[in-house]
Amino acid sequence: MTSLSSTPSQRPEALGPQTGEHGASEHPGEHHGDHRMFGLATFLVADGMTFAGFFAAYLTFRAVNPLPSGSTYELELLLPTLNTVLLLVSSFTFHRAGSALRRNDGDGCQRWLLITAALGFSFLAGQMKEYFSLPFGLTDNLFASTFYAITGFHGLHVTLGGLMILIVWWQSRQGGRVRGGDPFPLEAAELYWHFVDGIWVVLYGILYLL
Amino acid sequence: MTLTLSPPSATAPPLQPQGWLRYLSFSTDHKVIGLQYLVCGFIFYLVGGALAGAIRTELLTPISDFLPRETYNEVLTLHGTVMIFLWIVPVVNGAFGNYLIPFYVGARDMAFPRLNAVAFWLIPPAGLLLISSYFIASAAQSGWTAYPPLSLTTPATGQIIWILSVLLLGGSSIFGGINFIATILKLRRPGLKLMQMPMYCWAMLGTSILVVLSTPVLAGTLVLLSFDIIAHTGFFNPSLGGNAVVYQHLFWFYSHPAVYIMVLPAFGLVSEILPVHARKPLFGYTTMVYSIMGIVFLGLIVWAHHMFTSGTPPWMRLFFTIATSFIAVPTGIKFFNWLATLWGGKIALNSAMLFSCGFILNFVFGGITGVALAQVPFDIHVHDTYFVVGHFHYIVYGGTVFVIFASIYHWYPKVTGRMLNEPLGRLHFLLTFVGFNLCFAPQHWMGLNGMPRRVAEYDPQFELINQVSSVGALLMAVSTLPFLVNVILSAFRGEPAGDNPWNALTPEWLTSSPPPVENWHGEAPLVHEPYGYGVEPGSLSLAATSGRDLWSAGDPERKP
Ligand code: HEM
Ligand SMILES: [Cu+2]
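If you're matching them up, the sequences are chains A and B in order. For the record, in the first sequence the residue sitting at position 139 is 139 according to the numbering used here, with numbers rising by one throughout. For the record, in the second sequence the residue sitting at position 143 is 353 according to the numbering used here, with numbers rising by one throughout.
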């Protein structure tokens, strides 16, 4: 078979002598940094865009779709405000867990993690309680549906985060992965948790206060 | 597409893993994954092509005789979805991105090899799921856009399967995007500056930013749509107080960037191919980079040009017309840069170059009709007519698919160690180019004269021109044959390619063909000037490029 290759104006071989070492099975001088946190952060940007889409939809509904007459869409403020406080405090306690680990205080780290998880699950319990006390259901009207969709999606994140915290708690026991010198699970769960809390604050502002 | 043959044993590097089974495995080697994407995507291309054949057969006559109307809608929906989400996006991003990006940044693999394998292995099940919906119940019938309320009133099972499948593919795309961003920004070989990267890296960086920012919005929207279908919520259902236009906004917030997700990587790939076969440096590197980033930014704020007939308020029409027209500026810069790259070059008119030039021609035509469509007074006449079909096929097929073929001709020697047959390649190009233009150019005329898209039946006055279009489609189908024969036979019989048959300077050519696991036996080369062609000998220092023997492995005296 014939093939037509280009006629180069010059060949790379003619570009002058090259030096270089090779042959070592190791690859000296190459850094293999740990980019998992960077990857996670990029993922959280993506995740945040999902929420952004939901918020944009909600705000547009608000702007152009009036609530049909006879339908209810009333939110109590007390419980969600309490929940906001719970999440904010949990962000702080998670931070304490991280500092404890850096101080080599493994037990302190575990204690703070448990507190964080407990706060997270209390948040979920509060959310459940709110769901059951609301005067509207999922399909009652546009706002009811949007409310449940957004808070539900966020609640899924909290659930996932809570489970992650429990896993990290297990890994930070004596001899576990985290205490054994790989802080990645803890740092990842912490970043994720702060993200989930931050989203909640925005959500609270848009859904409850606005 | 057997790309699994090992090269002649004399040049087979010891590290090269053997056996074709690894292409069916959960391999984490970026080159294996790249080929998995390519072959898998091509199989789906054949499926999507068969569906297109069914559409063009139906449209031979004005009445719905070949396919019942519902079936026509299913075929149309499957065709669009398969071509976009299972062929173009995975191949132009996943296949070439995975194969090339680690080479270009001087890395031995992607930043997250396992995530990479996961991203690929989401695709075959998603694709099978989608196609199976045709056999299980009936496939979705609401087009690739799945606009409500249509998508709420057509049979639910197929629509839900469609949503599931697109969600999986979107997930795959996001994982891929994260990986590309991390690889390009974090895995660069020490000493390689951003502004020294080959252009495809910039294209993939821009594309991945779009993927990460916009795909999640589509995912969230489709979840809401599935609620509307399953749980009878009314997010997008006007009869339940919902708002169908919000769906359109959210959908196009993804899907306009998605057209750049489909075309930006192709821009990058031609920017690699043209300089090599014209033996000239890529013209205007810096402007090219800024154009890409300009397109990324503008691409995110023009989505409502798809919605000029959806009751968009005047200020919105104005804004989106102006913003959209602005995209022509960075796009035009790139176009003229390519022309300037070719200008006065020692052009080798081989298959890779022919397909690249075909791309430039087709793309500029599609770009011009695009700018025309951005003008509201014009668009309200041709919206949802065949004019739009002509427009986007000129860009998606005439642009991106042409570049995919150009890239296969260009990189096949690297991947397999063997050359493709040149006469067959030219025959492929000729058939594709003629067939493509015959198929899609007349569609502009149909649209201007009022033939609506997505309908199985049409006014008899359009019969002849539709038959012309269908003949073009037949030629396109035929054109696949020489290509398939070529890639399969050449894998066994092709002339050995050597390491660098095109005498190219980008890093993937500075290693053996096919490359070893981990890409280089020695240290990764540091290429400061990936396009330093045609400079006076000696003025370009490759001294910093280590692994000199990699060069000499190719026979410098090899005659074409
Ligand atoms: C100069 C750049 C471009 C401009 C100004 C432009 C403009 C437009 C406009 C205004 C429409 C809407 C027409 C209508 O539905 O009435 C449209 C449709 C479309 N464009 Fe473009 N476009 C450009 C480039 C692209 C590119 C690069 C791609 C793909 C790679 C693309 C793919 C599409 C697709 C797929 C549709 C139809 C979507 C559908 O309704 O199914 N366009 N374009
Ligand atoms: Cu668009």
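Simulated from the structure, these hints should not be mistaken for lab results. Beta carbons: idealized from backbone N, C-alpha and C, even for Gly. Just so you know, not all the hints are guaranteed correct.
To be verified - Cβ-Cβ distance ranges computed for the label pairs, FRET-style:
| # | chain 1 | residue 1 | chain 2 | residue 2 | range |
| --- | --- | --- | --- | --- | --- |
| 1 | A | L156 | B | W331 | 21 to 29 Å |
| 2 | A | M128 | B | W331 | 42 to 50 Å |
| 3 | A | G205 | B | G660 | 47 to 55 Å |
Results of checking the hints against the structure:
The hinted range of 21 to 29 Å is satisfied by L156 (chain A) and W331 (chain B), whose Cβ atoms lie roughly 24 Å apart. Between M128 (chain A) and W331 (chain B) the beta carbon distance is about 36 Å. The supplied range of 42 to 50 Å is therefore violated. Between G205 (chain A) and G660 (chain B) the beta carbons are some 49 Å apart, a value that agrees with the proposed interval 47 to 55 Å.
In the structure shown, a violation is registered for the earlier hint numbered 2 alone.
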